[in-house]
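S.K.: What follows is the residue order along each chain.
Number of protein chains: 2
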Amino acid sequence: MKTIDEQTAEKHKAKMAKRKAVQDAEVAGKTVEKGLLIVNTGPGKGKTTAAFGLALRMIGYGRRVGVVQFVKGAWHTGEKDAFAAFGDRVVWHTMGEGFTWETQDIKRDVAAAEAAWAKAAELLVDPSISLVVLDELNIALRYDYLDLDMVVSALKNRREGLHVVVTGRNAKPALIEAADLVTEMGAVKHHFSAGVKAQQGIEF
Amino acid sequence: MKTIDEQTAEKHKAKMAKRKAVQDAEVAGKTVEKGLLIVNTGPGKGKTTAAFGLALRMIGYGRRVGVVQFVKGAWHTGEKDAFAAFGDRVVWHTMGEGFTWETQDIKRDVAAAEAAWAKAAELLVDPSISLVVLDELNIALRYDYLDLDMVVSALKNRREGLHVVVTGRNAKPALIEAADLVTEMGAVKHHFSAGVKAQQGIEF
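Protein chains in written order, with my numbering: chain W, 8 to 211; chain X, 8 to 211.
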């Protein structure tokens with residue numbers, strides 16, 4: 008007679024064998040390979056860090072990545088220092104002038120966004136780059152610092168095989184429409200609400 | 008007489024000055040520094056990559072991070088190779104045996120989860136580590152491969168100042184309750200639904 012443990016193990020095995028068949032069929036049904044337009048948006052934490060995690064994954068295969076930061080500028084970040092370890096496998100442009108409520112100067116904000124976009128445009132046509140991260144581009148689009156049609160059209164017409172990640176809250180519907188993968192980071196619970204300050208290694 | 012451009016710039020400046028006052032007050036109100044228990048959950052992409060982006064940020068400050076992978080095992084990932092560049096600043100334990108529908112062996116899954124937790128427990132008490140990533144721990148908890156109370160209690164009682172990130176879908180309510188920061192990655196749009204396969208540098 009079989010023990011209860013053996014019966015449980017057998018039931019589990021049968022269930023998982025069925026599940027594997029479903030999974031295998033799903034995987035077999037996915038055959039397209041393409042450069043993805045990825046958007047990380049929403050109010051929660053993880054938009055930029057997920058983009059950098061992806062960059063790291065790509066670097067692990069010996070590929071090159073490009074990063075343009077549209078808002079971050081003045082302050083020091085841990086990620087920038089860490090990516091420096093990869094030498095010329097990372098092309099990094101910190102082009103922001105800080106938050107728009109810090110500059111309080113719309114002309115300066117627009118000029119910074121345009122300069123950042125010029126760097127982005129260079130990376131988009133650089134054949135040595137496999138992934139481009141456009142960090143906080145959504146902020147520049149939200150405040151109309153850049154022309155939405157121009158940006159979306161450039162991203163849609165990126166060269167074949169190129170992956171692009173756009174981050175920032177309030178992604179524009181036209182960008183979401185053009186994207187292959189859109190993740191909304193939802194803040195279920197946030198430590199800022201409990202009075203915790205921005206900390207080294209966590210927020211910057 | 009002022010031009011329309013000048014009027015717009017002045018309005019913008021006034022609005023942003025107000026906004027800065029609000030932001031400054033908010034920042035001033037946040038004074039707590041603490042090691043955070045962070046949970047990245049939900050069906051969307053970015054749970055693990057955001058954890059690794061955070062690890063990278065921490066490494067950028069010369070701190071050490073520990074990673075335990077509860078599910079990933081058999082297959083090669085770019086992130087593991089990339090983190091190797093940081094030498095002993097990263098302690099990496101790939102302890103998984105693959106998806107539960109691949110092993111089809113509940114005893115083996117439980118043994119793997121227990122072995123992974125033993126490594127996690129070591130990292131939690133290692134004073135040289137600033138951040139511990141418990142990748143896909145939620146999967147082990149969901150299938151009851153580990154005792155939920157034991158895990159949540161160990162995470163709640165982690166040493167002061169230690170940051171921990173737990174990833175994986177279907178985070179248990181008790182873990183969410185114990186956490187300081189919970190992000191739900193929502194899949195607004197996913198390329199798998201459009202027949203795109205898992206690609207190097209993107210999914211692994």
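These are calculated hints, taken from the structure and not from any lab test.
There could be a bad hint or two in this list.
Just some of the chain W residues that point at chain X, by a computed CB distance under 8 Å [claimed, not checked]:
#1 Ala24
#2 Thr55
#3 Arg71
#4 Glu121
#5 Ala122
#6 Val132
#7 Lys163
#8 Asn164
#9 Arg165
#10 Glu167
#11 Glu191
#12 Ala194
Quick reminder that beta carbons are idealized off the backbone N, C-alpha and C, glycines included.
S.K.: Does each hint hold? Answer for all of them.
M.R.: Checked hints:
The criterion of a C-beta within 8 Å of any C-beta in chain X is met by alanine 24 (chain W), whose closest approach is roughly 6 Å, and the hint holds. The closest approach between the C-beta of threonine 55 (chain W) and any C-beta of chain X is roughly 7 Å, which is under the 8 Å cut-off, so the hint is satisfied. Contact between arginine 71 (chain W) and chain X, as hinted, is not supported at the beta carbon level, the nearest pair being about 11 Å apart and thus beyond 8 Å. Using the Cβ-Cβ criterion of 8 Å, the hint placing glutamate 121 (chain W) at the interface with chain X is not satisfied: the shortest such distance is roughly 16 Å.
Taken as an interface hint, alanine 122 (chain W) does not check out: its beta carbon lies about 19 Å from the nearest beta carbon of chain X, beyond 8 Å. Checking valine 132 (chain W) against chain X by beta carbon gives a least distance of about 19 Å; that is not within 8 Å, so the hint is violated. Given the 8 Å rule on beta carbons, the hint for lysine 163 (chain W) is violated: about 15 Å separates it from the nearest Cβ of chain X. Annotation: interface hint on asparagine 164 (chain W) violated; nearest CB of chain X at approximately 18 Å, more than 8 Å.
Restraint check, arginine 165 (chain W) versus chain X: the minimum CB separation of about 15 Å is more than 8 Å; hint violated. The criterion of a C-beta within 8 Å of any C-beta in chain X is not met by glutamate 167 (chain W), whose closest approach is roughly 13 Å, and the hint is violated. Annotation: glutamate 191 (chain W) was flagged as interfacial toward chain X, and the flag holds, the nearest CB pair being 4 Å apart, inside 8 Å. The criterion of a C-beta within 8 Å of any C-beta in chain X is met by alanine 194 (chain W), whose closest approach is roughly 7 Å, and the hint holds.
When each numbered hint is compared with the structure, violations occur for hints 3, 4, 5, 6, 7, 8, 9, 10.
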